[in-house]
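Produce the entire structure from the sequences given, and follow the hints as far as they go.
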Amino acid sequence: MTDLSAGAASGQTPRSLTQTDARTKKRNAAEKRFRAYGMAAIAAGMFFLVVLLGSIVTNGVTAFQQTFLQVPVYLDPEKLDKTGNRDPEEMKKVSTFGYKPLVEDAVFAAVQAAGIETAFEDAGDMDALFSASAAAQLRDRVLANPDLVGETVTFKILASSRVDGYLKDRVTRDSVARDKNIDAAHLDLVDGMRDASLVTKSFNWDFITGSDASESRPEQAGMGVAMLGSFYMMLVVLGLALPIGVAASIYLEEFAPKNRFTDLIEVNISNLAAVPSIVFGILGLAVFIQFVELPQSAPIVGGLVLTLMTLPTIIIATRASLQSVPPSIRDAALGVGASKMQSVFHHVLPLAMPGILTGTIIGLAQALGETAPLLLIGMVGYIATNYPDNIASGFFDPNSAMPAQIYEWAKRADPAYYERAWGGIIILLVFLFAMNAIAIILRRRFERRW
Amino acid sequence: MTKTLTVSALALAVASPAFAQSRDNVQVAGSSTVLPYASIVAEAFGENFDFPTPVVESGGSSAGLKRFCEGVGENTIDIANASRAIRPAEIEACAANGVDEIIEVRIGYDGIVFASQIDGPDFTAFEPADWFRALAAEMPVDGEMVTNPNTTWADANADLPAVEIAAFIPGTKHGTREVFEEKVLLQGCEDTGAMAAMMKMGMSEDDAEDACMAVRTDGRSVDIDGDYTETLARIDSNPEGVGVFGLAFYENNTDTLKVATMGGVAPSTETISSGEYPVSRPLFFYIKKAHLGVIPGLKDFAQFFVADEIAGPGGPLADYGLVPDPELAETQAKIENEETMNAGS
Chain A
1 MTDLSAGAAS
11 GQTPRSLTQT
21 DARTKKRNAA
31 EKRFRAYGMA
41 AIAAGMFFLV
51 VLLGSIVTNG
61 VTAFQQTFLQ
71 VPVYLDPEKL
81 DKTGNRDPEE
91 MKKVSTFGYK
101 PLVEDAVFAA
111 VQAAGIETAF
121 EDAGDMDALF
131 SASAAAQLRD
141 RVLANPDLVG
151 ETVTFKILAS
161 SRVDGYLKDR
171 VTRDSVARDK
181 NIDAAHLDLV
191 DGMRDASLVT
201 KSFNWDFITG
211 SDASESRPEQ
221 AGMGVAMLGS
231 FYMMLVVLGL
241 ALPIGVAASI
251 YLEEFAPKNR
261 FTDLIEVNIS
271 NLAAVPSIVF
281 GILGLAVFIQ
291 FVELPQSAPI
301 VGGLVLTLMT
311 LPTIIIATRA
321 SLQSVPPSIR
331 DAALGVGASK
341 MQSVFHHVLP
351 LAMPGILTGT
361 IIGLAQALGE
371 TAPLLLIGMV
381 GYIATNYPDN
391 IASGFFDPNS
401 AMPAQIYEWA
411 KRADPAYYER
421 AWGGIIILLV
431 FLFAMNAIAI
441 ILRRRFERRW
Chain B
1 MTKTLTVSAL
11 ALAVASPAFA
21 QSRDNVQVAG
31 SSTVLPYASI
41 VAEAFGENFD
51 FPTPVVESGG
61 SSAGLKRFCE
71 GVGENTIDIA
81 NASRAIRPAE
91 IEACAANGVD
101 EIIEVRIGYD
111 GIVFASQIDG
121 PDFTAFEPAD
131 WFRALAAEMP
141 VDGEMVTNPN
151 TTWADANADL
161 PAVEIAAFIP
171 GTKHGTREVF
181 EEKVLLQGCE
191 DTGAMAAMMK
201 MGMSEDDAED
211 ACMAVRTDGR
221 SVDIDGDYTE
231 TLARIDSNPE
241 GVGVFGLAFY
251 ENNTDTLKVA
261 TMGGVAPSTE
271 TISSGEYPVS
281 RPLFFYIKKA
291 HLGVIPGLKD
301 FAQFFVADEI
311 AGPGGPLADY
321 GLVPDPELAE
331 TQAKIENEET
341 MNAGS
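Heads up: the sequence lines are chains A and B, in that order.
Just so we're aligned: 65 in full-length UniProt numbering is position 65 of the first sequence, and the numbers increase by one with no gaps anywhere.
Just so we're aligned: 141 in full-length UniProt numbering is position 141 of the second sequence, and the numbers increase by one with no gaps anywhere.
Worth double-checking, as some hints may not be accurate.
Unchecked claim - Below are the SDA-like pairs computed for lysine to any residue, each with C-alpha atoms no more than 20 angstroms apart in a straight line:
| no. | chain 1 | residue 1 | chain 2 | residue 2 |
| --- | --- | --- | --- | --- |
| 1 | A | Lys92 | B | Asp50 |
| 2 | A | Lys100 | B | Asp319 |
| 3 | B | Lys66 | A | Glu293 |
| 4 | A | Lys93 | B | Glu47 |
Just so you know, these hints were derived from the structure itself, not from any lab.
In this text, all values refer to a predicted model and were calculated from it rather than measured experimentally.
Right, dumping it as structure tokens:
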């Protein structure tokens with residue numbers, strides 16, 4: 001009371017509402033400032049996102065292009081099949097080292113036929129231009145079809161990583177001066193060969209479907225086997241985490257009595273969602289590999305570990321979507337005589353399904369990009385060169401996974417692998433975007449709100 | 001946690017019956033230094049033989065030998081790669097698990113080089129003594145051990161650039177560190193007379209050696225626990241840094257790194273195989289003899305690895321940076337005859 005009367009007594013005149021006083025101005029200014037902070041925060045976030053995506057795309061997009069040499073190779077019977085029997089068993093004795101000179105001769109002959117001036121006089125100098133995989137490519141083709149021996153066949157062989165880098169402006173003449181693998185004369189030759197279209201760039205399917213390669217031939221390395229590894233892991237995650245997660249949530253949400261014990265379980269599930277993923281890796285190492293003696297580096301183990309990691313995400317999403325189904329649906333079902341189980345499976349679950357699927361897909365996307373737990377079960381540091389023979393070997397044979405493959409490439413010595421690591425990130429991101437897009441579409445189209 | 005247990009039990013039920021298949025590929029694990037060589041050989045092996053491509057994993061020499069020594073059988077690895085010789089303790093551990101017959105194969109040599117940014121300060125010639133003076137934790141001055149007073153390379157040797165000491169050396173879990181300590185720090189300690197001075201002060205020889213190899217911990221020397229790529233990244237961001245690399249890694253990055261001579265000798269495959277370049281080490285792999293004849297292709301793989309066309313001069317391993325072993329023929333004979341190491345050696 002005294003305050004009020006004091007205010008009136010100090011001679012304050014009654015104000016109009018249309019005129020802002022000092023305090024209102026201050027409050028309005030504070031609000032404006034806050035909006036500015038918010039916008040600055042969003043702008044900063046967007047800026048970093050653009051920089052991140054920009055650098056990924058600019059660094060990685062070149063990995064999807066690859067340089068090839070197109071040369072006619074004379075498959076010399078003198079070297080490949082001395083006996084002349086055309087018997088594949090005998091011809092297997094000629095190793096890839098026997099095929100390499102053929103490729104060198106062929107490239108040299110093609111250069112001379114095209115009339116390109118070069119300082120090189122020896123076919124042996126050509127080996128810096130093409131990939132070490134070329135000899136194996138020839139050998140496979142000849143062994144598959146021995147009648148080719150004696151003929152001249154045009155092969156499309158991979159250019160070496162340095163030549164590839166030169167055409168992609170990754171290798172410059174300055175850096176070549178210091179590089180022992182290739183010299184400037186080779187680059188002059190490549191310029192000439194490009195003009196004669198002996199050297200062409202084309203889309204690199206092998207980068208998406210191929211297997212990993214050793215460090216001496218980065219041009220051959222691809223993501224395919226690691227993708228299969230990730231695929232089998234995701235199958236395990238989907239096959240285990242979805243039924244277990246949904247069953248657990250339905251029981252907890254619809255059937256379980258509310259008591260201290262179920263409260264404890266609920267708290268623990270939430271805690272589990274916050275456990276750092278590396279912890280699941282250690283658990284996987286101790287339980288699945290050392291105790292159950294599952295093979296190291298196998299997608300089944302990776303899948304099991306990622307299942308543990310994804311489970312809480314799926315349970316929490318499922319419970320949230322079950323809770324959002326209004327009780328009137330359940331009451332109506334029970335009211336017309338349905339059993340508890342019928343009400344859940346016929347009415348509640350279908351309505352909750354979009355939410356459950358969204359949660360599952362987001363959980364899978366998270367698991368797909370996870371590397372830390374894979375470190376401990378041997379999926380990182382593994383050279384993924386073998387395609388799985390069948391479905392069982394897909395689960396049990398050692399393999400890598402997409403993020404592990406990217407990590408593996410990023411740490412290799414040859415700078416050409418750096419580009420491939422970025423390219424791998426693009427592939428992984430495409431998968432993640434696709435999965436998130438599916439989740440959003442499901443939510444938009446099928447989710448009902450009450 | 002109840003959920004995790006359910007899953008584990010389920011996994012057990014799902015997995016156990018399917019895991020009764022026999023293995024038909026060679027499995028290799030171990031040193032990250034040997035990994036690139038082993039994967040080059042594995043790739044060529046897969047191309048040239050009817051056997052599947054061997055499975056190669058890294059993990060480090062010690063980790064590889066530990067897995068190697070876990071026992072005999074299909075679920076253990078056949079070959080361990082190592083960038084150092086197997087230790088007596090490891091041989092014992094192996095024998096305790098039934099792995100008593102091991103074939104030691106030396107594939108060649110690897111040089112350890114000292115390199116800095118190509119456009120950085122003029123680090124062109126080092127002596128072991130420079131590294132000891134630059135990196136020692138303590139050194140004897142007038143009969144007393146004092147903390148290393150040197151802060152710039154010029155303090156260690158007036159001929160070196162006067163820039164702050166920033167050295168990136170392999171961490172203690174690497175086989176390379178051992179070679180670095182013995183062939184550079186200890187050598188430098190002896191060359192500078194510090195070793196003799198320490199023993200004069202009443203230290204035992206072992207204590208003096210330990211003191212020689214102790215590296216300063218004030219941040220001027222950084223242990224790199226990752227691989228050479230990490231060292232390279234540190235050098236890239238620190239123009240005045242000097243890093244320790246494998247010769248093969250350096251040879252694949254000659255466009256960004258400049259190498260210094262050690263003791264007046266430039267590192268190259270020639271100077272290392274002749275023994276002139278002082279800092280090199282042999283690289284090995286170890287074969288479990290009990291697996292020969294059981295795992296298809298194991299012996300062929302081992303023979304292929306040390307064949308002249310692979311590990312010899314001009315072969316793909318030498319191209320990548322391996323220094324060929326002049327005694328390769330003996331190694332080949334060793335595998336042919338399946339000669340094991342003497343127990344306890």
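Do the hints match the structure? See the list:
no. : hint                  : result
1   : Lys92(A) x Asp50(B)   : holds (9 angstroms)
2   : Lys100(A) x Asp319(B) : holds (15 angstroms)
3   : Lys66(B) x Glu293(A)  : holds (16 angstroms)
4   : Lys93(A) x Glu47(B)   : holds (12 angstroms)
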